[in-house]
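Chemist: Chains B, C and D with the ligands: place on chain A using the hints.
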Amino acid sequence: MSTAEKTKLSPNAYKSDLKPIWCPGCGDFGVLASLYRALSEMELDPANTVIVSGIGCSSRLPHFVSTYGFHSLHGRPLPIAMGVKLANPELTVIAVGGDGDGFAIGAGHFPHAARRNIDITYLVMDNEIYGLTKGQASPTSSFGQKAPSTPYGNMEEPLNTLGFAIASGASFVARGASFNTKALTELIVQAVEHKGFSFVDALSPCIMFNNHQEEWKQTVTDVAPDHDVTDKAAAFDLAIRGGFSLGIVYKELRRTLDDKYRDLAERAKASTIDEMIDAFSARKGAAIGKPIT
Amino acid sequence: MSTAEKTKLSPNAYKSDLKPIWCPGCGDFGVLASLYRALSEMELDPANTVIVSGIGCSSRLPHFVSTYGFHSLHGRPLPIAMGVKLANPELTVIAVGGDGDGFAIGAGHFPHAARRNIDITYLVMDNEIYGLTKGQASPTSSFGQKAPSTPYGNMEEPLNTLGFAIASGASFVARGASFNTKALTELIVQAVEHKGFSFVDALSPCIMFNNHQEEWKQTVTDVAPDHDVTDKAAAFDLAIRGGFSLGIVYKELRRTLDDKYRDLAERAKASTIDEMIDAFSARKGAAIGKPIT
Amino acid sequence: MARKSVVIRLAGESGEGVISSGDILTQAAARGGYWTNTFRTFPAEIKGGPCMYQVRMGSERVFSHGKWVDLLVCFNQEAWDLHWDSLHPDGVILYDDTAVEIPEEYRDRARPVRMESLAKEIGGSLRAKNMVAAGAVAAVISFDTTPIEELVLRRYAHKQGVADANIAALRAGGAEAADLADRLRVDAPVEIEEDRVLMSGNQAIAVGAVAAGVDYFGGYPITPASDILEWLSAKLPSVGGKTIQCEDEIASLASCLGASYAGAKAMTATSGPGLSLMSELLGFAGMAEIPVVIVDAQRGGPSTGLPTKTEQSDLNHALYGGHGEAPRVVIAPVSVEDCFWAAVDAFNYAERFQVPVILLTDQGLATRMEVIHRPDTSQVERWERRTLADLDDDADYRRYAYTDDHVSAMGIPGQAGGQYVATGIEHDEWGHPGYTPEIHLAMQTKRWEKLDPLKNGLVRHVTHGEEQPADVAIIGFGSTFGPVREAVDRLAAEGLSVGAFYPRVLGPFPAETVAQFAAKAKHVIVPEVNYTGQLARLVRAETGIDLVSRAKCDGLPFTAEDIHDIVNEEMAR
Amino acid sequence: MARKSVVIRLAGESGEGVISSGDILTQAAARGGYWTNTFRTFPAEIKGGPCMYQVRMGSERVFSHGKWVDLLVCFNQEAWDLHWDSLHPDGVILYDDTAVEIPEEYRDRARPVRMESLAKEIGGSLRAKNMVAAGAVAAVISFDTTPIEELVLRRYAHKQGVADANIAALRAGGAEAADLADRLRVDAPVEIEEDRVLMSGNQAIAVGAVAAGVDYFGGYPITPASDILEWLSAKLPSVGGKTIQCEDEIASLASCLGASYAGAKAMTATSGPGLSLMSELLGFAGMAEIPVVIVDAQRGGPSTGLPTKTEQSDLNHALYGGHGEAPRVVIAPVSVEDCFWAAVDAFNYAERFQVPVILLTDQGLATRMEVIHRPDTSQVERWERRTLADLDDDADYRRYAYTDDHVSAMGIPGQAGGQYVATGIEHDEWGHPGYTPEIHLAMQTKRWEKLDPLKNGLVRHVTHGEEQPADVAIIGFGSTFGPVREAVDRLAAEGLSVGAFYPRVLGPFPAETVAQFAAKAKHVIVPEVNYTGQLARLVRAETGIDLVSRAKCDGLPFTAEDIHDIVNEEMAR
Ligand SMILES: Cc1ncc(C[n+]2csc(CCOP(=O)(O)OP(=O)(O)O)c2C)c(N)n1
Ligand SMILES: Cc1ncc(C[n+]2csc(CCOP(=O)(O)OP(=O)(O)O)c2C)c(N)n1
Ligand code: SF4
Ligand code: SF4
Ligand SMILES: [Mg+2]
Ligand SMILES: [Mg+2]
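For the record, the sequence lines run as chains A, B, C and D. All letters in the first sequence, in the order written, are residues 1 to 293 by our numbering. All letters in the second sequence, in the order written, are residues 294 to 586 by our numbering. All letters in the third sequence, in the order written, are residues 587 to 1159 by our numbering. All letters in the fourth sequence, in the order written, are residues 1160 to 1732 by our numbering.
Be aware that one or more of the hints could be misleading.
Which chain D residues face chain B? A few, computed with CB under 7 Å, are given here [to be verified]:
no., residue
1, E1204
2, K1206
3, A1324
4, S1385
5, L1388
6, E1389
7, S1392
8, A1393
9, D1407
The set of hints was computed from the structure by calculation and includes no laboratory data. The C-beta atom is built at its ideal place from N, Cα and C for all residues, glycine as well.
So here's chain A without its partners, still in its complex pose:
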């Protein structure tokens, strides 16, 4: 059951028997299509692939994929994905969700998944809004944006997700867009194949409550070819500059948490439950002075 056993499947073969319930035109369709293609391109075995999500329109995604899925709670996909990966490092684990799920209620888990460099991919469908709850501002909504809970305009500066990811220690940081499925497919492939924590922020317009589709199509650019993705300071500089540049912004090779656990397992000398209990033997007694609890 190792990912070694590859199976050739078409993108369609990764579709589940549930039809997406998104609004017609929702950016998430483009992200899902890119994901289908990426999975197919990588020839991932659906039985060895797990897609973990939180709660939101975007977080419904696992239901539409034929792999294993984990549609969890609002904000919790990352620690859950970590648990899946640590329990079975053979699995390909992809966490997905929305900007609210990942950067509002879930913001506390992101830096830790990133600095631990657990070998999973985090794909955020960033529509700069809370879609499922009908259009309130999210941490990535622009300053001044009018929304149901910000009727006089959003008073908060949006979070720069790429800069945040770089500062948190993510070893792969990229930006894609739902309306550019070919490039997004490639980014997902590279992100999943990257050994370590890879973060892809995919612009994915909410046509219902925050339709930036046209504006974004006009304004996005590609990351300059001469950008050095291994230069952290340069990557941060690029991330905080205005506008959206699509492509890989930062990439670094660092030992992954799961590798470190493998090393530890190899280093640790095997023991048995009875040997462990021996250490508590009343006769032999624990080392004196060492606090017992």
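Modeler: Structure of chains B, C and D with the ligands alone, referenced to chain A:
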């Protein structure tokens, strides 16, 4: 009761009638001493000053100060401090706590307090360890560090708190040290006087479980005088370079959240409860088609 | 012969105009002087999925949304398939025959209405479907469409063309069902001068909070509570208050506690999942004695559960949620009108007793549109918390001083001499950490016994029917009161000695009052919308009463008919 | 004449060596073949504050730490002031007369011991104070110090000098109290071959988890649960498991659910505040039917409360915590030995019923050092969860299929054809979102009724004394069993028909079994360490039994004497 009514008080006057319960030699004594002096230097009225903390050795600090205090829950000082400040912008609000409190369980609140630029100060006593619970690794513990829950060495890269703060949108980012009270006092004064969210990461050795005191004393340097604190990219670059440089790393002037609320209050035209109820009048009726809930 | 009330159910695919038709009819009915009571179900998805909007309007007050449908409007086939069996024996059907097949035997009381085509041709856009439907409905219940037309003109004041098209569509819809006119004629409403309001439970709570003097609201969006946050975001600035959407529910309650500590009247609103996340801070508020109001608009659980369905399954968590034993007050309003007053009480109890107060509603009550008597704001009392300023002698100030009523004066930042440290650690009178057996017992006693007045007399509980029924005593909480009171009236008319008792404050529980109420009854019945019978267990634990739990777990509210049947079943045992 | 057991209490300032002296004596007693039972209190601060370590050692098994102190060792004045009133009428006192003043009337049974000076002069450092104290204690109870000396040599195997100094200090201490030798002589332990172990409740749980096959542990430090995380961090790698300290308790449980979903046996351990934070995920686990074990070592609450004191106040939250109604199993082990077996059961129940299991201990039990029979690991059964592989026919696989026992086969990532989506949204058999009344009722029934075997027969509950007592029936849970069983024996010896029933599984509650047990009793007494009497309310709600709640809220465990007194008080009523 505005902070305008200044009162001249000596540092000692800011001591409460409780003696600190920290281990003799704990770095937190140095931070507390610096805080006393800073409060005195700024001539802050104890009745108009609120110190909010979480849980940890460091978070006991409010009990030792004669101002108002809020010793809250593990990881929650920032949203509580925000509530205090929004409810009464006249108050000087200082949040304090440990590295675990602020960057493990509390990490999810930090980026939002920062990007909102709420006018409070966040002073972290960073000992790179969980002191109160007897020495487990914290998000700032060094890689490979041996501790009770990492007996084979910490497998996680530490979080770079300054870089994290800059990326999150903090408008004042500085590093101090408990063993350098004069400089730390100055930093606290500048942080509190800064209009906006100011973050001070104070190295504060835990002599019980993670005593880096001597090592840190040897290795810390000062921020180079020619460092441009207004250059975000340069600040990040400095932050992620190895070693600890003491001083202000980044500073930016941005409207604060409390200012924005003041503007809003001024813009909003006064209304009464009865006018509000009129909008629901059955006779007059709400605007048709507008969903009612 | 005309009827006192009629039950109209519109059903179709969400996004098709079902909800807006329902809103239009409800608002028009209210405008026309009728009483209304509504219920809606919609999918948890944004687009697609079946939705339903039931409007009950009457010339006399209606307290529930009704069970049997007098007029069923089917926008699509699924609507018929899902709802035909709710049809009243004499029920009438309106349907778009381009989309819906009605079985032979129903044809005589069914009328096709060309919703789509008329909407496009006459209304000028598919969106006018709601007008066609509304027009047809109006005809069948012989409801004068003037109020609808006024509302249209209002909405499109600056778009005469659109307004005309809509009104044309409305009339065309009416024409379609013309021959059914009078089939379900409702009595004309009694002309009254009184100014009534049309509100949902959420709106009544938000308005009540303003009436009570809320200064600060920190919240996080969640169905079905979001519109409290949204309405207050728009309104609070004009009364000098502040609203903020936080990064999560933990931050929401945390910021409320900070604001309250600083002297503000603070509130947050959420649904089950958010309440779960607030567990630790809820305990902190009880321990540090910080006033705060938490609205929980319950939805179907557990977990993410059924986000758009109704349930009363958070009672246990509201009462016991959080480790250790932290005091809190739990209030369950019984109607939209009561939501307004419950919000006022919630703030008053929170401030007087320095305790977190949980306001427990549910999706049904939170979103139900009811015509109610306009709340008389001159009747609103505002209780303020006891602060340093209220002490004759503030030397040696002790934030957690032991007092006769167990309530101590708060020092409010800004008040000189009131400095103290609010803490969740066990503490002495000064708020200094203290863990001795004596301190712990004395402080737990203080924190719990300060709530005793709420068990004794301070609270007006809700009753209907006999004060001490001999046959059937019904004990319930919250939103089930509407159908229960209608059932009680009917059962009484049928000669039973029956009564209902609704504790308005469930924590602390009014054990003696409840025991007295039920003392003489042959049957004590506890209806509630959940699986485990939480209220039944609470009543048993508190009073030892021998009762029958009739919990139902299907995401739907009770109807008066359901209660009537339950009582008869139990009597038959 | 010698005694069967002796109660020794060491008291002083934390950091002075009180705790290490207690550890030394406990370990030496165990090594010497005695049974032990200990209790300690220490401040919530790292340095400073009063701490106390009570060691009860006996030639026969001791089930509680004892109330009256036979030998009080005072390291400082405060120790005397705090503890003199716990002294047994014939109790003996050892004290450092450079630091402590003992009133005239106690002098005859008090001996000064120059702890500080001897430690410095002979022990070579203040740290040797613990040796001086231990030596003096040994003398008074005429305990052969060989085991202590062996332990010293072990510890300082490579530091002969230090070892010699320590042993010298030990003997010097003994000399100080020489003239009291025999004053409290304890019977020599019965020589036995059996290999016993000395463990705390936390350690027994950690070891039991390994015996049960734990693969993954994700936790966050908190007193008094941290050492489960710490012990497993050291040990799990050598049995192929993984341990990780997460960023908080939410991430801890979340990662456990991810690991369990992927096929691992997963566990986390925390105390009240952490359990509160886990509320939402606890409900998710119940809804998605994911096995997981959650240890809650209760401490004094509410909120941060009394972090180093004991209390049984999380029962309500364990049973009802979280919005909606999510199934979970709650197990309360009654002793250190039981902690081992309860951990095994916890994993077995979690895996068989695909449900979260909460293992409820408390600070007293978690940190108590007990000599117990070495757990016979050959008796450990491991129940495995039902997976796709167990299905004869996995065509049209349905993760949440309705089955006779309501348990469905899990698809484990890696198993081809088992793909499904674990979700907290209400769902049909396939795990597809579904909100119809039928689905919700059927799934809630499935999720709850699968636990029925735990109410009927599967669980061995803990009883002591009469099976159906005629006079006094005691119902309790968890750590109070030790003192209760001792009290029951004494009351029985005094001629009463008395018995104790301890439900080992509190949720689902074994209502019938409990009702039967109490059926004949004149007095039903429910002792528990909390303020509101949570177990008493549970028993009343579930059984309607007319009982007396004897809750105490002082952060201290019951003693056998307390229970004996309570019973006599109630009998006197
Ligand atoms: C604990 C909790 N709080 C709030 C909610 C309500 N809620 C559901 S989705 C959502 C945010 C959705 O925004 P995002 O994550 O950006 O996803 P999108 O719908 O935009 O794809 C919220 C607040 C919830 N389900 N659980
Ligand atoms: C919800 C919760 N989880 C865990 C704890 C236990 N705890 C108390 S302090 C602390 C961490 C202390 O580390 P830090 O914040 O760095 O403060 P320090 O003691 O080092 O100053 C922990 C895990 C708690 N009190 N509450
Ligand atoms: S609401 Fe927005 S995010 Fe949600 S499905 Fe519709 S378009 Fe997509
Ligand atoms: S344990 Fe460490 S951090 Fe805590 S008081 Fe002692 S030295 Fe300071
Ligand atoms: Mg979004
Ligand atoms: Mg620390």
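Chemist: Taking the earlier hints as the rules, which of them does this structure contradict?
Modeler: 3
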